[in-house]
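Novice: For reference, the chains in residue letters:
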Amino acid sequence: MNRTEPENSNHWGPWSAWRAQHRVAAVTSWQKMVARPGATWLTWIVLAISLALPSAILLTLDNLRETLHGLSGAPQISVLLSLESNLAAADALREDVEAWPEVAIVSVVDRARALAEFIESSGFNSLPASLARNPLPHTLLVTPAEGLGAQAVARLATRLEAEVLVAQVVVDARWLERLEQMLRLGSRWVQGLGGAMILGAILVLANTLRLAVDARREEIQVVRLMGGSDAFARRPFLYTGVWYGAGGGLMATILVWGFGLWLSGPVNALLLLYDRPTQLLWLGPQYPLALILGSACLGWLAAWWVTERFFGH
Amino acid sequence: MIELDRVSRRFADRDALRHLSLTVPAGQMAFVTGHSGAGKSTLLKLLLLLDRPTGGEIRVQGDATHLIKGRAVAPYRRRFGAVFQEHRLLFDRNVHDNVALPLEIAGFSPRDITRRVRAALDKVGLLARERADPASLSGGEQQRVGIARAVVARPEFLVADEPTGNLDPGLSAEIMALFEAFNQVGVTVLVATHDLGLISRFRHRVITLESGHLVEPNTLP
Ligand SMILES: Nc1ncnc2c1ncn2[C@@H]1O[C@H](COP(=O)(O)OP(=O)(O)O)[C@@H](O)[C@H]1O
Ligand SMILES: [Mg+2]
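Listed in order, the protein sequences are those of chains S and Z. As numbered in the working numbering, residues 1 to 313 make up the first sequence, in order. As numbered in the working numbering, residues 1 to 221 make up the second sequence, in order.
Isolated chain S (complex conformation) (with noise of 0.2 Å):
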């Protein structure tokens, strides 16, 4: 009687067997992959742009509302006092102002330095000259308290206007809402447009998958009648579904990484129109790593869906 048994001729287990499986299920779905190029490229391109869209999208609202983050926890108050008050005043309006339980920290903006970075960051060197006087008044600027509300903030700045030196108040809060608003909308249109197009990625994979299986079927009988395992016959699929995923995960970081150079120029000039000289962060690793794992585990689950009729029960 001489029953099959894989022999161990040096080291080779079960281990080193599972390992050899493995990777010539990967060589040659990747083979017959590469032996089309042209259905592969268009998988590859069609899944790319699926999933870059919305990821570029999604990493402009990330990064913007990373940068914003700092200031819209905490609107800030200008306080403009009289011109008629002086700086001992402001001082001590100052340190009543900090006490109040709504206020977290207030700083007192000297006239004199104002009006200096003024000039510096304007460029206008003579302007000092032709000013009979300086036209800035002394300036608190008030944060208010931790998780204050809208509402809390408005009451505080009426508060303040209330105060004897106080010219105006500005809180500049509102413009900050809306963006805060427009981004909680942007994510919500994101969601809905990547989930549509997550959804026809999974489509195209799982039609180019249906038909890689259809043209295999006859190795898959084959295989199961020689005592493959469903593991063993459903290989080569799944790694199909890996490898258009994270071809197509890679070209999609490609689409977003230009993406991402094309409009950073303008983003970044924004942010510092809002007086943000933080630089919109671009790309971190996580981003392409993301994508391409992502992507490839979309192929694999695509691929697990449209063999569940061969090998499902």
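For the record, the hints were derived by calculation from the structure and aren't laboratory data. Take the hints with a grain of salt, since some may be wrong.
As the list claims (entries may be wrong) - What follows is a list of derived Cβ distance ranges for each label pair:
no., chain 1, residue 1, chain 2, residue 2, range
1, S, GLN31, Z, ALA135, 11 to 21 Å
2, Z, ALA132, S, GLN31, 12 to 22 Å
3, Z, ALA135, S, GLN221, 17 to 27 Å
4, S, GLN31, Z, ARG118, 15 to 25 Å
5, S, TRP18, Z, PHE202, 51 to 61 Å
6, S, ASP214, Z, ARG71, 22 to 32 Å
7, S, GLY195, Z, ARG93, 38 to 48 Å
Cβ coordinates follow ideal geometry from the N, Cα and C atoms, glycine included.
Please arrange chain Z with the ligands on chain S, whose structure you already have, making use of the hints.
Specialist: Using the frame of chain S, we list chain Z with the ligands on its own:
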């Protein structure tokens, strides 16, 4: 040893096998014959668990096949080599890779695979065609590749369903001689064929079916 105990396979409108009982001892070579529709293919499919009996019991080396289910099916099938009339080679890979498939399934090392594939191809006289595309081979050569694939992992049992159906008599005799050679090294061989002329040229047990019944009594040659 293969034992069939009152095995039936009933389809909606007919019985492919009816209360079939027979024993094939380990190491035997037997022909299963009968007219078209007699139940030969059904018998082999039941053995390979490609189909299940509607009655009775099949035991292979004492293991009742109705207890072999799910994940146990694949290892059970590896104990068989199977040859078909339509040889069922995969045309997307060369001769070597076709023959290598059962060894990959069984988890042999690449070195062992190469060695065994070449040995099997040598036995069927096709070592020189190792790298050939199966589609470029003649019918007889394709069938011999199918046989090499069936025996390469050294199964306990070799079953063949009309393996010479498409071949001329000379080639058919060559194929049968190959089966005989594997039987001589201890493999239990079961060949289904309706070619009585071919069977008469060999001295092996003949199991004759007619409408799912056993005609010839279960005798050894
Ligand atoms: N899947 C099936 N459905 C219905 N009838 C079948 C099926 N398979 C086989 N049969 C019937 O069972 C009988 C035996 O078939 P088969 O075993 O293929 O015969 P043989 O191989 O001896 O020619 C035939 O009458 C055939 O029509
Ligand atoms: Mg038949």
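Novice: Each of the hints needs a verdict: does it hold here or not?
Specialist: Checked hints:
For S/GLN31 and Z/ALA135, the Cβ-Cβ distance of about 18 Å falls inside the hinted range of 11 to 21 Å, so the restraint holds. Here the CB-CB span from Z/ALA132 to S/GLN31 is close to 18 Å, well matched to the stated 12 to 22 Å. The given range of 17 to 27 Å is respected by Z/ALA135 and S/GLN221, whose C-beta atoms sit roughly 18 Å from each other. At about 22 Å, the beta-carbon gap between S/GLN31 and Z/ARG118 stays in the expected band of 15 to 25 Å.
At about 42 Å, the CB distance of S/TRP18 to Z/PHE202 disagrees with the hint of 51 to 61 Å. S/ASP214 and Z/ARG71 have their C-beta atoms about 26 Å apart, which keeps the hinted 22 to 32 Å range intact. A hinted range of 38 to 48 Å holds for the C-beta pair S/GLY195 and Z/ARG93, which are about 40 Å apart.
Figure legend: structure checked against the earlier numbered hints; the only hint not met is number 5.
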